[in-house]
Amino acid sequence: MNFKPKDIVPQLITVLAVVLVFGFFTYNAQINMENRGIDFGYGFLSQESSFDVQFSLIEYDGSHSYFRAYLVGLLNTILVSVIGIIIATILGVIVGIARLSPNYLINKFAAFYVEFFRNIPLLLQIFFWYFAALRALPLPQYAESEGYTLFGVFFLTIKGLYVPAFIWENLDIFFYSIIAAVVAIIVIRIHARKVQENQGKQIPVFLISIGLIFILPLLSFLIGGVKLSFEVPVLKQLATTSFIYEGGVSLPPELIALTLSLSLYTATFIAECVRAGIQGVGKGQKEAAASIGLTPNQVLKLVIMPQALRIIIPPTTNQYLNLTKNSSLAAAIAYPDLVLVFAGTALMQTGKAIEIVSITMFTYLTLSISISILMNWYNKKIAIQEK
Amino acid sequence: MFKYLKQLTSLVAMVAVLFTFTTESMAAKKSKTLKNTQKKGFVRCGVSQGLPGFSNADAAGNWTGVDVDVCRAVAAAVLGDANKVKFTPLSAKERFTALTSGEIDILSRNTTWTLSRDADIGLTFVGVNFYDGQGFMVRKSSGITSTSQFKDGISACTNIGTTTELNMRDFFNSKGISYEPVAFEKADEVVAAYDAGRCDTYTTDKSGLAAQRTKMKNPDEHIVLPETISKEPLGPVVRQGDAVWEDIVRWSLNTMIEAEEYGITSANADMMKTSDNPAIKRLVGAEGELGAAFGLDNDWSLRIIKQVGNYGESYKRNIADTGILPDRGPNQLWTKGGILYVPPAR
Numbered sequence: 001m002n003f004k005p006k007d008i009v010p011q012l013i014t015v016l017a018v019v020l021v022f023g024f025f026t027y028n029a030q031i032n033m034e035n036r037g038i039d040f041g042y043g044f045l046s047q048e049s050s051f052d053v054q055f056s057l058i059e060y061d062g063s064h065s066y067f068r069a070y071l072v073g074l075l076n077t078i079l080v081s082v083i084g085i086i087i088a089t090i091l092g093v094i095v096g097i098a099r100l101s102p103n104y105l106i107n108k109f110a111a112f113y114v115e116f117f118r119n120i121p122l123l124l125q126i127f128f129w130y131f132a133a134l135r136a137l138p139l140p141q142y143a144e145s146e147g148y149t150l151f152g153v154f155f156l157t158i159k160g161l162y163v164p165a166f167i168w169e170n171l172d173i174f175f176y177s178i179i180a181a182v183v184a185i186i187v188i189r190i191h192a193r194k195v196q197e198n199q200g201k202q203i204p205v206f207l208i209s210i211g212l213i214f215i216l217p218l219l220s221f222l223i224g225g226v227k228l229s230f231e232v233p234v235l236k237q238l239a240t241t242s243f244i245y246e247g248g249v250s251l252p253p254e255l256i257a258l259t260l261s262l263s264l265y266t267a268t269f270i271a272e273c274v275r276a277g278i279q280g281v282g283k284g285q286k287e288a289a290a291s292i293g294l295t296p297n298q299v300l301k302l303v304i305m306p307q308a309l310r311i312i313i314p315p316t317t318n319q320y321l322n323l324t325k326n327s328s329l330a331a332a333i334a335y336p337d338l339v340l341v342f343a344g345t346a347l348m349q350t351g352k353a354i355e356i357v358s359i360t361m362f363t364y365l366t367l368s369i370s371i372s373i374l375m376n377w378y379n380k381k382i383a384i385q386e387k
Numbered sequence: 001m002f003k004y005l006k007q008l009t010s011l012v013a014m015v016a017v018l019f020t021f022t023t024e025s026m027a028a029k030k031s032k033t034l035k036n037t038q039k040k041g042f043v044r045c046g047v048s049q050g051l052p053g054f055s056n057a058d059a060a061g062n063w064t065g066v067d068v069d070v071c072r073a074v075a076a077a078v079l080g081d082a083n084k085v086k087f088t089p090l091s092a093k094e095r096f097t098a099l100t101s102g103e104i105d106i107l108s109r110n111t112t113w114t115l116s117r118d119a120d121i122g123l124t125f126v127g128v129n130f131y132d133g134q135g136f137m138v139r140k141s142s143g144i145t146s147t148s149q150f151k152d153g154i155s156a157c158t159n160i161g162t163t164t165e166l167n168m169r170d171f172f173n174s175k176g177i178s179y180e181p182v183a184f185e186k187a188d189e190v191v192a193a194y195d196a197g198r199c200d201t202y203t204t205d206k207s208g209l210a211a212q213r214t215k216m217k218n219p220d221e222h223i224v225l226p227e228t229i230s231k232e233p234l235g236p237v238v239r240q241g242d243a244v245w246e247d248i249v250r251w252s253l254n255t256m257i258e259a260e261e262y263g264i265t266s267a268n269a270d271m272m273k274t275s276d277n278p279a280i281k282r283l284v285g286a287e288g289e290l291g292a293a294f295g296l297d298n299d300w301s302l303r304i305i306k307q308v309g310n311y312g313e314s315y316k317r318n319i320a321d322t323g324i325l326p327d328r329g330p331n332q333l334w335t336k337g338g339i340l341y342v343p344p345a346r
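One line per chain: the protein sequences are B and L, in this order. Numbering of the first sequence is given in the numbering used here, commencing with residue 1 and proceeding in unit increments. Numbering of the second sequence is given in the numbering used here, commencing with residue 1 and proceeding in unit increments.
Treat the hints with care, as some may be off.
[To be verified] These stretches of chain L come out as covered by chain B in the derived footprint (C-beta under 8 Å, 3 or more residues):
1) 111–122
2) 136–147
3) 187–196
[As the list claims (entries may be wrong)] FRET-style restraints, in silico, Cβ to Cβ:
4) 142/B to 42/L: 52 to 60 Å
5) 142/B to 327/L: 52 to 60 Å
6) 47/B to 277/L: 48 to 56 Å
7) 114/L to 154/B: 28 to 36 Å
8) 323/L to 21/B: 50 to 58 Å
9) 177/L to 90/B: 12 to 20 Å
10) 142/B to 219/L: 53 to 61 Å
11) 173/L to 322/B: 34 to 42 Å
12) 42/L to 7/B: 52 to 60 Å
13) 48/B to 327/L: 34 to 42 Å
[As the list claims (entries may be wrong)] Sample of chain B residues at the chain L side, in silico, Cβ under 10 Å:
14) 103
15) 119
16) 352
FYI, nobody ran anything at the bench for these hints, they're computed from the structure. Backbone N, C-alpha and C define an ideal beta-carbon position, used for all residues, glycine too.
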């Protein structure tokens, strides 16, 4: 390769400038920390955290380490992000399609929803859902009489949503039955494709798949010895006017409010991506597909969506990233996410600001890049295969 | 090379110190913070985001409270005007970083003095302006009158980033009670959530409970339980490494407390100049050269007493008269059965 100086020099200057700026900040931080008698080090991660967290997916209390507290926060962030992304996507697709509906009412309602929710700051929406929920929901002792219950086993109260806990026997056999069903479905799909390519005959793969995924696990109950029972939440009195539900699983109102507000907010942007994607597919495509005798469902599934997805995926990836990062607003309403637990309480107790902020930044970076890689892979997979 | 550079600088510094020993305003030269403060013309003070009685801003943006008065005292001492203070409201989470990064010069924000804070994170506590302890607030209607009635599953609202979270765990663990901690970043949300019924109890320093109670929809529906589960000596904090500034803040606070001990008030301070008691005369600047050690004039303490008042006046104005904690409890002078005791100004 042949490099001319005028190609290399600007590059070198840029690299040098970046190194110098970073070097200056590092050096400056070092000097300042030394002057103020602050030690630098990540040793604190193995120390006992000595604070408790409201809600955690793994076993944790104050006798565990700061690293464990970090994991608790990280998992809570991932939990709210994953649920938020799933709900936002489903809602976004529905609203996006609804905006193209010829039905005036559906169309305008979807448009109103999008304009309303995407134009109000997210933090405000989080506060609204949280405090509105707190004001509207009953105290645990009134949940039943005020009708905030479903089948007498789900209870929605100011202290959270209480649902029955699953108690499994022979859970492993149940899992094996699901794995067997998935394998069977994949085999049938491959076979169906071959049949269609060879004979032009279509096998109702969808119906067979649905049947398999239900029947095999059902068999595991009937003959596999799998048993499922429920532990129903029961009201317990703590003091004269103070009650909680015990047993079962409780989802804190903070989690519910945060998931709700994040999904409702992000769904508006995804809806716009979906609308843009569908409108971006040429009208001729649809007409051509119809003219060769495809049903409207097939037109959407085989012709429109594959092309629309190529337009929808990249901007939707951005929305997924935004949702994940926005979940850090959780700190405002006491949902123990990474920012509240680690960059909040742990930072305060240890005073290790630079260390903790750097770990938190690196973690969000890793989360975002993982989502990007996953979505880019999917985008490549559905892109036009040029030969 | 850096090694030699360091030695060289310390040598230069030593020589410089030797020379400045002869000049009068040596302290001002030694204290970067004092010099900067006098240059800027105001004291940069970190306070809470609104805690009645301690640091709270009214609708016009005027800050009042016993924590605020410490900063005002320092401003009166070093700048001659108690109003030359720039207040920065800080959350519990932000406060230490704001101080160590140099954004503020005094942190007077109901901050508990603990070993790890004093030793670990580049801070120095200069004294105690309020002896507090953590307590619990519950609804009267719950019928709970003592923490011994707490049961498994109780939910407790509190702030993050405070000693409260740690004390709470120690307390519930020692009693063997399982609990649900609901920790918010800002006090206003804690109060709103507790008030709405999210939590069975609200826990923080007892002074804080008393102050926040006044913000509730119906303050009479809530009581603070008698038990105190921790020691919370609250006091002003400065950055480590500026001994003169540290002394100025410490003795501004001590002056207020000692003035009360000798009965010097904002009203009678000038008359006290002719007192027979040398201790009183020293405090109002009529005898001795106490200000010189800080690089200040001799009226520094007189200005504190005249413009801010003594500790008792500050307490009465901010905490007692506002109905937050009419009883001074441990925050009474040692001569009157409390534990306020400061070293003599001489």
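Taking the hints in turn, this is what the structure says about them:
Coverage of the segment 111–122 of chain L by chain B holds [criterion: at least 3 residues with CB-CB distance below 8 Å; count 5]. With 6 residues bearing a CB less than 8 Å from a CB of chain B, the segment 136–147 of chain L meets the requirement of three and the coverage assertion stands. Counting residues of the segment 187–196 of chain L whose C-beta sits closer than 8 Å to any C-beta of chain B gives 4, which meets the bar of three, so the coverage hint holds. The supplied range of 52 to 60 Å is met by residue 142/B and residue 42/L, whose beta-carbon atoms lie about 54 Å from each other.
In this structure the supplied range 52 to 60 Å is violated for residue 142/B paired with residue 327/L, their Cβ-Cβ distance being about 38 Å. A beta carbon spacing of about 52 Å between residue 47/B and residue 277/L agrees with the range 48 to 56 Å that was offered as a hint. Between residue 114/L and residue 154/B, the C-beta spacing of about 44 Å breaks the proposed range 28 to 36 Å. With their beta carbons about 55 Å apart, residue 323/L and residue 21/B fall inside the hinted range of 50 to 58 Å.
Roughly 41 Å separates the CB atoms of residue 177/L and residue 90/B, a value that falls outside the hinted 12 to 20 Å. The supplied range of 53 to 61 Å is broken by residue 142/B and residue 219/L, whose beta-carbon atoms lie about 24 Å from each other. For residue 173/L and residue 322/B, the hinted distance range of 34 to 42 Å is satisfied, since their beta carbons lie about 40 Å from each other. A beta carbon spacing of about 54 Å between residue 42/L and residue 7/B agrees with the range 52 to 60 Å that was offered as a hint.
A hinted range of 34 to 42 Å for the beta carbons of residue 48/B and residue 327/L is consistent with their spacing of about 38 Å. Interface restraint check for residue 103/B: the shortest CB-CB distance to chain L comes to about 40 Å, outside 10 Å, so the restraint is violated. Interface hint status for residue 119/B: violated, as the beta-carbon distance to the closest one in chain L is roughly 24 Å, over 10 Å. With 10 Å as the threshold, the beta carbon of residue 352/B comes within range of chain L, its nearest partner Cβ sitting at about 8 Å, so the hint holds.
Checked against the numbered hints given earlier, this structure breaks hints 5, 7, 9, 10, 14, 15; the rest are met.
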